[in-house]
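At position 101 of the sequence shown (counting the first as 1) the number is 102 in the working numbering, and the numbers step up by one without a gap.
Any given hint could turn out to be false.
Label pairs and their calculated CB-CB ranges [unchecked claim]:
{"#": "1", "residue 1": "G233", "residue 2": "A64", "range": "41 to 51 Å"}
{"#": "2", "residue 1": "S234", "residue 2": "R105", "range": "44 to 54 Å"}
{"#": "3", "residue 1": "A16", "residue 2": "T187", "range": "32 to 42 Å"}
To be clear, the hints were calculated from the coordinates, so they are not data collected in a lab. Cβ coordinates follow ideal geometry from the N, Cα and C atoms, glycine included.
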Amino acid sequence: MGELIQFQRVSQFFAVRDSTSTQALNEVSLDVRAGEFVCLIGPSGCGKTTLMHLLAGFVKPTAGAVRFRGEPVRGPGPERGVVFQEYALFPWMTARQNVEFGLRALKVDAGERKRRALQALERVHLSHAADRYPNELSGGMRQRIAVARSLVVEPQVLLMDEPFAAVDAMTRASLQNDLLRLWQETGVSVLFVTHNIDEAIFLAQRVVVMAAHPGSVRADIAIELPYPRQRGSLEFAQHYAEIESALAEGYERRAG
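Given only the sequences and the hints, what does the whole structure look like? Please build it.
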């Protein structure tokens, strides 16, 4: 598998109200291979979401380069699906219509849109809710719809910004298992932001630990455990301690 995503010495500054700027990222370099599942973890202010927005094409880097399949990212595109924490569904659309939205933008005809949307809802176990509106659904169901909407356009990478943070623990565990199944079925790459060490180890092949102010890569840790992973295993606990230590070092550097 080749490198699908490349962050090459990326620095990012944002203007603040007093006409000065704040640095969100400092020379971050990171590669993600095709089909790989990578988690970004770190404290608030370390630039995890900024990296997502750069790859999604929502903002441009101040310095350095962000490349997708070797080409500079110049704006949003259907090959890069985004799933936000807040669901970001249209409340006046049904579940099926929300999933169809990206296909409509791609000029897919109505019959094909419906077929593919229903197929995507089936993959996330929500075909029975196709005609319901978001306010009739639980948080977990809404997030499954958001995932289906991203997958229906067949992206090459899913960018997921703390997508399970707002749901309860049981729903989160179910969503994690569903995501792993979809990743294995589709071969899509996943770049996943989380604050949760347990979640990162359970999901990812690599966990990239970031430090804050400005954001930088503290450690890049391979999780060489077979799927499905056992949270109670010794190896899981060892990875937990390794990531926790890397996070603590980042906090100490910030405090110093």
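Outcome of the hint check:
1. G233 x A64: 41 to 51 Å: 44 Å, holds
2. S234 x R105: 44 to 54 Å: 45 Å, holds
3. A16 x T187: 32 to 42 Å: Since the Cβ atoms of A16 and T187 sit about 39 Å apart, the hinted range of 32 to 42 Å holds.
In this structure, every one of the numbered hints holds.
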